[in-house]
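There are 2 protein chains.
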Amino acid sequence: MIAQHPEPHQIRLENVLTALGNPTRMQILRVLAGGGEQSCGSILPGVSKSTLTRHWRVLRDSGVIWQRPYGRENLLSLRREDLDARFPGLLDALIAAAGSEAGEGDAAGSEVGEGEPVGA
Amino acid sequence: MIAQHPEPHQIRLENVLTALGNPTRMQILRVLAGGGEQSCGSILPGVSKSTLTRHWRVLRDSGVIWQRPYGRENLLSLRREDLDARFPGLLDALIAAAGSEAGEGDAAGSEVGEGEPVGA
Chain C
0 MIAQHPEPHQ
10 IRLENVLTAL
20 GNPTRMQILR
30 VLAGGGEQSC
40 GSILPGVSKS
50 TLTRHWRVLR
60 DSGVIWQRPY
70 GRENLLSLRR
80 EDLDARFPGL
90 LDALIAAAGS
100 EAGEGDAAGS
110 EVGEGEPVGA
Chain X
0 MIAQHPEPHQ
10 IRLENVLTAL
20 GNPTRMQILR
30 VLAGGGEQSC
40 GSILPGVSKS
50 TLTRHWRVLR
60 DSGVIWQRPY
70 GRENLLSLRR
80 EDLDARFPGL
90 LDALIAAAGS
100 EAGEGDAAGS
110 EVGEGEPVGA
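Here the protein sequences come in this chain order: C and X.
The first sequence runs contiguously to residue 119 in numbering that gives the first Met the number 0.
The second sequence runs contiguously to residue 119 in numbering that gives the first Met the number 0.
What the hints contain is simulated information worked out from the structure, not anything from laboratory work.
Every residue gets a Cβ at the ideal spot worked out from N, C-alpha and C, and that includes glycine.
A couple of the hints might just be wrong.
To be verified - Computed footprint of chain C on chain X, listed as stretches where at least three residues anywhere in the stretch have a Cβ under 8 Å from a Cβ of chain C:
hint	stretch
1	20–27
2	77–84
3	93–103
Said to hold, decoys possible - Partial pick of chain C residues on the chain X-facing surface, computed with a CB cut under 7 Å:
hint	residue
4	E13
5	L16
6	T17
7	G20
8	P22
9	F86
10	G88
11	L89
12	A92
13	I94
14	A96
15	E100
Given these sequences and hints, build the entire structure.
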């Protein structure tokens, strides 16, 4: 395991909220919310490695994710047990909030072009 | 009402989390969670007015609080209905998390001096 993970009792609400107050990191949370470990290269295809490395660090240092080396990559997973024990209900509320906001985004996207009759 | 409040649909999760990822603003949230309006001068006695003005702005612009002029002061209240409608369960989970963390702090504080027998 990479060294800089806080112990469960060191996880601070302030750091968790600051870490997740960012759309890319919230997107990463939503992917990891599915459970299990994901290789760091597979989570957000198309985002540069250096950008992602910064995001993994913020998420790891705040106590939101586990990060462990595996071959030439890192595997990432959500610290669900630690977060649920420390802040009951918070993680699920955050994931639901992120999902509902992302759903609105999708809906807005699907509205593009609506109201323009085809061939008019 | 002061002008810069976002409309309910403009409240962004990212902004709410960034606003609350700060111990002073989380403390303000806990005070306002009791309900009703509070005058801005009464919420955190001992903190300078200019510091608080900055915190009110962040909380207001992110959609966490209402702020309205009342005589020479402002009255503040939590936008509970808007936040609950937009992100169900999130506000209560955040308030509970802040409370449990503050409780740990209090518990740690009350331990000061324990283990030192009086008069030893």
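**OP:** With a cut-off of 7 Å on the beta carbons, see whether C:T17 makes it to chain X.
**Re:** holds, 4 Å
Original post:
Under a C-beta cut-off of less than 8 Å, do 3 or more residues of the stretch 77–84 of chain X approach chain C closely enough to confirm the stated coverage?
Top reply: violated (count 0)
Subject >> Cut-off 7 Å, beta-carbon criterion: hint that C:E13 touches chain X >> reply: holds, 5 Å
Subject >> Interface hint for C:G88, Cβ within 7 Å of any Cβ on chain X >> reply: Holds - the Cβ of C:G88 comes within 7 Å of chain X, reaching about 4 Å at its closest.
Subject >> Restraint satisfaction for C:A96 [CB to CB of chain X, less than 7 Å] >> reply: holds, 4 Å
**OP:** Would you check whether C:G20 satisfies its interface hint, that is, whether its CB is within less than 7 Å of any CB in chain X?
**Re:** holds, 4 Å
**OP:** Mind checking the CB of C:F86 against every CB in chain X and telling me if the closest is under 7 Å?
**Re:** holds, 4 Å
**OP:** Closer than 7 Å between Cβ atoms is the bar; does C:A92 clear it against chain X? Give me holds or violated.
**Re:** Nearest chain X Cβ about 4 Å off; hint holds.
Original post:
If you take the shortest Cβ to Cβ gap from C:P22 to chain X, is it below 7 Å?
Top reply: holds, 6 Å
Original post:
Taking the least C-beta to C-beta distance, is C:I94 closer than 7 Å to chain X?
Top reply: With a minimum Cβ separation of about 10 Å from chain X (threshold 7 Å), the hint on C:I94 is violated.
**OP:** Would you check whether C:L16 satisfies its interface hint, that is, whether its CB is within less than 7 Å of any CB in chain X?
**Re:** With Cβ-Cβ at 4 Å, under 7 Å, it holds.
**OP:** Examine the stretch 93–103 of chain X for residues whose CB is less than 8 Å from any CB of chain C, and state whether their number is three or more.
**Re:** holds (count 6)
Of the numbered hints listed earlier, those contradicted by the structure are 2, 13.
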